[in-house]
Amino acid sequence: DTGVSQDPRHKITKRGQNVTFRCDPISEHNRLYWYRQTLGQGPEFLTYFQNEAQLEKSRLLSDRFSAERPKGSFSTLEIQRTEQGDSAMYLCASSLQRDSGGYTFGSGTRLTVV
Amino acid sequence: DAKTTQPPSMDCAEGRAANLPCNHSTISGNEYVYWYRQIHSQGPQYIIHGLKNNETNEMASLIITEDRKSSTLILPHATLRDTAVYYCIVQGYGNKLVFGAGTILRVKS
Chain S
1 DTGVSQDPRH KITKRGQNVT FRCDPISEHN RLYWYRQTLG QGPEFLTYFQ
51 NEAQLEKSRL LSDRFSAERP KGSFSTLEIQ RTEQGDSAMY LCASSLQRDS
101 GGYTFGSGTR LTVV
Chain Z
1 DAKTTQPPSM DCAEGRAANL PCNHSTISGN EYVYWYRQIH SQGPQYIIHG
51 LKNNETNEMA SLIITEDRKS STLILPHATL RDTAVYYCIV QGYGNKLVFG
101 AGTILRVKS
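Protein sequence lines, in the order shown, are assigned to chains S and Z.
The numbering of the first sequence is our numbering, which starts it at 1 and goes up by one.
The numbering of the second sequence is our numbering, which starts it at 1 and goes up by one.
Think of the hints as simulated: they come from the structure by calculation, not from any bench.
Heads up, a few of these hints could be off.
To be verified - Straight-line distance between alpha carbons at most 27 Å, and here's what the computed DSS-like set of lysine-lysine pairs gives:
| hint | chain 1 | residue 1 | chain 2 | residue 2 |
| --- | --- | --- | --- | --- |
| 1 | Z | Lys52 | Z | Lys69 |
| 2 | S | Lys57 | Z | Lys96 |
| 3 | S | Lys14 | S | Lys71 |
| 4 | Z | Lys3 | Z | Lys52 |
| 5 | Z | Lys52 | Z | Lys96 |
| 6 | Z | Lys52 | S | Lys57 |
| 7 | S | Lys57 | S | Lys71 |
| 8 | S | Lys57 | S | Lys14 |
| 9 | Z | Lys96 | S | Lys71 |
Taking the hints into account, I'd like the entire structure generated from these sequences.
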């Protein structure tokens with residue numbers, strides 16, 4: 001297990017299309033987080049899961065966004081009817097609930113909506 | 001909102017120590033200080049964290065003032081590969097990370 005994997009690394013889509021991203025966390029990590037980052041800004045929290053339960057969602061997560069972690073392992077983030085403002089880097093991270101240690105982030109999925 | 005204040009940018013000469021300051025005057029007793037860095041086009045990388053005591057690992061040292069209102073991340077011998085955005089984050093145990101704008105560290109030869 002080499003870390004957090006995200007797929008795809010890059011996605012270009014036309015406005016109005018739906019896109020789905022996948023995150024595979026470190027296997028023993030029970031917490032999984034999604035963040036969004038635009039150019040020149042720090043990552044912004046979107047949502048997080050503890051096992052399969054989605055425990056918190058940011059107000060940034062509009063109705064067009066949905067995230068799942070069906071078996072408490074990998075997670076998907078779907079954006080419906082994409083808009084140009086959705087263009088960003090989408091980052092996934094995982095951690096252990098019982099550990100004060102840091103998150104491990106993936107390399108992210110860069111979404112460009114044209 | 002982020003609970004920390006960092007300078008927007010700093011320069012450091014290659015081979016010298018890089019000292020990155022962070023103010024967190026409203027930190028509460030059960031909150032940790034975390035440092036991450038982000039190299040261009042990659043995800044953030046955990047560096048170090050601490051509660052009250054100074055901490056050291058293979059990457060860096062973290063110095064936390066006695067009143068816990070500020071801290072300094074020290075990279076003892078900066079290299080060009082340490083050029084990155086460095087984020088200082090105050091986080092309660094089990095809470096999510098809230099990132100600010102960070103400090104852009106430029107290491108120059």
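For the pair we were handed, lysine 52/Z and lysine 57/S, check the Cα-Cα distance against 27 Å.
31 Å, violated
Pair hint lysine 57/S and lysine 71/S, alpha-carbon separation not exceeding 27 Å:
Answer holds: lysine 57/S to lysine 71/S is near 19 Å, not above 27 Å.
Tell me if the straight-line CA distance from lysine 96/Z to lysine 71/S falls inside 27 Å.
Answer holds: lysine 96/Z to lysine 71/S is near 21 Å, not above 27 Å.
CA of lysine 52/Z to CA of lysine 96/Z, is that 27 Å or under?
Given pair lysine 52/Z, lysine 96/Z holds - Cα atoms ~20 Å apart, limit 27 Å.
Between lysine 52/Z and lysine 69/Z, does the CA-CA distance stay at or below 27 Å?
10 Å, holds
Is it true that the CA of lysine 57/S sits at most 27 Å from the CA of lysine 96/Z?
11 Å, holds
Would you mind confirming whether the straight-line C-alpha gap from lysine 57/S to lysine 14/S stays at or under 27 Å?
26 Å, holds
For the pair supplied as a hint, lysine 3/Z and lysine 52/Z, is the alpha-carbon distance within the 27 Å limit?
Measuring from Cα to Cα gives roughly 17 Å; hence the hint holds.
Satisfaction of hint between lysine 71/S and lysine 14/S, Cα-Cα up to 27 Å:
Roughly 31 Å separates the two Cα atoms, so the pair is violated.
Consistency with the previously given hints fails for numbers 3 and 6, ordered from lowest to highest.
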